[in-house]
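J.: With the hints as constraints, model all of the structure from the sequences given.
Letter by letter, the chains look like this.
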Amino acid sequence: MPSTTDSQRMPLADRLRRGLSNGRITSVLILLPPALILFTLFVMLPLLESGYYAFFDWNGYGEPTDYVGLENFERIVGHSVFHTAAANTGKIIAVSLIVQMPFALLLALLIYRKTPTNAVFRLIFFLPYILAEVAAGLIWSFVFDGNYGVTASIAEAFGAESLFILADRDWAFVAILTVILWKYFGFHMMIYIAALQGVSNDQIEAARIEGATRLQVVRYVQIPAIKPAIAVSAFFAIIGALQVFDVIIPLTNGGPSNTTHTIVTYLYTFGLTRLNIGFGSAVGVILFAVAVTIAVFYQRVFMGRSES
Amino acid sequence: MNPHFWRNFARVTFLVVVSAFVLAPLLATVLGGFKTNAEIRTSAFGLPETWNIEFYGSILYDASFWRYLGNSLLISLGTVILTLLVGAAAAYVFAQIKFFGSRMIFSYLLLGLMFPFATAILPLFIKVRDIGLLDTWWAVILPQTAFGLSLAILLFRTFFEQLPKELFEAAYIDGCGYVRFFWRFTLPLSAPILATVGVFVFVQSWNNFLLPLVVLNSREVFTWPLGMMQFRGEYVTEWNRTLAFVTLTILPAIVFFLAAQKYIVAGLTGGAVKG
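Residue numbers (the numbering used here), protein chains in the order written: chain A, 1 to 308; chain B, 1 to 275.
If you're looking for bench data, these hints aren't it; they were derived computationally from the structure. Watch out, some of these pointers could steer you wrong.
Claimed, not checked - Computed footprint of chain A on chain B, listed as stretches where at least three residues anywhere in the stretch have a Cβ under 8 Å from a Cβ of chain A:
no.: 1; segment: 34 to 42
no.: 2; segment: 83 to 90
no.: 3; segment: 93 to 107
no.: 4; segment: 139 to 146
no.: 5; segment: 174 to 187
no.: 6; segment: 221 to 232
As the structure is a computational prediction, the values presented were derived from the model and not from experiment. Heads up, the beta-carbon is just placed ideally off N, CA and C, and yes, glycines get one too.
T.: Set out below in structure tokens:
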């Protein structure tokens, strides 16, 4: 096999000839373009176009001609429903980080050892994660249904009046947060379990021999050892929170009176269903900016530290 | 009783309570499909007084239910095959062939990991419409593949780089070119990573809701999540029918999960950690 250092020393024309003769360039030209074309056409172009359409008032038909400058962005920033949607997305992030992750970590610590019972619990806790979000949303919209659901049965048992949680402006989003917790804690738990199983037993034994309690082992040995996994799960919690859509549609569809939108349901409801392509694209641009900021910040903070 | 016993007792009790939180809604769903609506109203959790199988039956005899599942299956399989082929081909180039610009193109293809799918959904809708793909399976398959490529290429490249280099050198001396080597050796040797990525892509596609919602309008091409929402809309007051429908659609997912557990967990968590 011709080594690459050799070929790098050759003049360009020779290198090209050589590359062609052993099929190197033809191979690249056969194997790479499908991925490049698909990715460019359906990911990068739409992304760039959303940056362009965002400056137009456009219903999606013909060419965008009605240039409006920053008006779409101004309307979004001034729209109270968008404030609610952004705040709700923030709440999902907060609950994911403050409630869901510690809960998942606690469970992971309880069942990370490889025993048959633990395997069963692991399976059960991971189950909601593999279900489709829409199915999860529908199931819970039944649970919360004030006429038929589980909450109705409970209310009846206590002789209380029926509750319509999903129609309640104060409680609807709490219900949604519950569903999100139910759906995703198993995923984070699995990340922690995989990491905890990789922590060497010697370290734990050593700490034990020195008289550390179970809690001290967790705090000073296990949690520090799985920090990278916690960072990854935090990243997925945040990126996942930014995309919440499927669960909301069957549960509340953004209601009552637009109090339970997230950024994506907002984009869908006010951009697509009303064919405000320019407006919706502007929401997409904002979402993109937030996601990239988080990704860059995450890389700086966590990746930078692990390399040093 | 020693303290160890009580500690374990508390642990198991806690785990059982959490299990109940997880399983109760699912159980109520499965049982709900057997009950009359009046019974659901009074007892959401209890066993049905009589096991009515007509609600499950009517869905199983409904041709559109099977069409929804068939559409989802075809779209998911199409996405898996295309992602594996296109993604592996590109990853093979990055792992095996050094050429000018390789790193740059690789980074470009990884940009898809940076932002959520929903960001560009409106221009994507316009694009799919302008190409004339609206209401076809391709409207879902192609964008799903494109968005899945970044992670697939990243995972494939890592795996391909770990394949023994001597193998390629030997094959090369025997006159085997890059493309043939890819077909004959790299792909067959990469079964574990192909399975992991394949299962991951399949599950994502099977459960996808936003993209089909945006690009599919006719019931003929609906995937099952769209069909389920449609069904729910038609039987708003009849929870038992909706619950039966939900049960019948999540059942294959659960069976699939139990069968492919190893790959699903590896793909969803291991893949996530590496990504």
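J.: State for each hint whether it applies.
T.: These are the hints, each one checked on the structure:
| no. | hint | in the structure |
| --- | --- | --- |
| 1 | 34 to 42 | holds (count 4) |
| 2 | 83 to 90 | holds (count 5) |
| 3 | 93 to 107 | holds (count 5) |
| 4 | 139 to 146 | holds (count 4) |
| 5 | 174 to 187 | holds (count 4) |
| 6 | 221 to 232 | holds (count 4) |
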